[in-house]
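**Q** Sequence:
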Amino acid sequence: MYRNIKNYELRYTDVDAFDNLKLSSLFSFMEESACLSADELGFGYKDVSLRNIGFILVNCYIELDRSIKLGDNLAIHTWPMRPKHMIFLREYEFFCGDEKIGAATARWVMIDTKNFAMLPYTEFFKDSDFESYNTQRAIDFNGWKLPNISNGDIVYSKRVSYSDYDHYFHANNTKYADFLMDAFSVDEIRGKELKSVQITYVKQCKEGDIIDIVREETDGVWLIEGRVEGEIRVQMRVKFD
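Take -1 as the starting number for the sequence shown in this note's numbering and just add one per residue.
Hint data in this document are derived by calculation from the structure and do not stem from the laboratory. The model shown is predicted, which means the values in this text are computed figures rather than measured ones. Honestly, I wouldn't trust all of these hints.
Said to hold, decoys possible - Quick list of simulated restraints, FRET-style, between CB atoms:
(1) K4 <-> I137: 16 to 24 Å
(2) G228 <-> D185: 28 to 36 Å
(3) Y154 <-> Y0: 37 to 45 Å
(4) N5 <-> Q134: 37 to 45 Å
Virtual Cβ for every residue (Gly too), placed ideally from N, Cα, C.
Let the sequences and hints guide you as you build the complete structure.
**A** This is how it looks when you write it as structure tokens:
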């Protein structure tokens, strides 16, 4: 069954102070692979933008068996599932050589780029044939709802600026990974391996928005939120080993 396979050689700028792949770099690789896959299947940016249609990421869940390190050659396998009304599920598997080191699943939605209204898949895929689509999930996960933080502390604040934007004129999903991971200090990350991370994108952030980054820890699991004037815009649950 169909899958897109893309190899990524880790650059020095892709890793953190401990030579581990940064979460934002992993998200960038995943977005690149998703875009290449969509191009192959006929619903890439050039295909849909002519009809004022786009895709935005709303949820993602990742599990890693080990850290991805400087010097690794990372292969990302990705494939879309058959769409269900408003939801486009996409699966990912991560390999270093022959070793499978993790997997992920993500939910995307199709939007009208003029007003950001969600569109049903039939708006573009009405006559599409999904017979060649892979029906296998990369990871058995469906727990998309994240709890709200009840007693968190504001760690720092971030102003959304030009370099955070993508071609939809809002902060790109990969940028939030840096915003949220910066809730931790270098010493707090030292010696830890990222085991799982879940992100929910609640509402887009625009240039000039001040995002307050709030965090709370319970039983070794961290919840982190980005809030603008008290309104939740992005949520993350992360677990280290």
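**Q** Each hint should be assessed against the structure and marked as holding or not.
**A** Evaluated hints:
no.: 1; hint: K4 <-> I137: 16 to 24 Å; in the structure: holds, 19 Å
no.: 2; hint: G228 <-> D185: 28 to 36 Å; in the structure: holds, 30 Å
no.: 3; hint: Y154 <-> Y0: 37 to 45 Å; in the structure: holds, 43 Å
no.: 4; hint: N5 <-> Q134: 37 to 45 Å; in the structure: violated, 21 Å
Hint compliance for this structure: hint 4 alone is broken.
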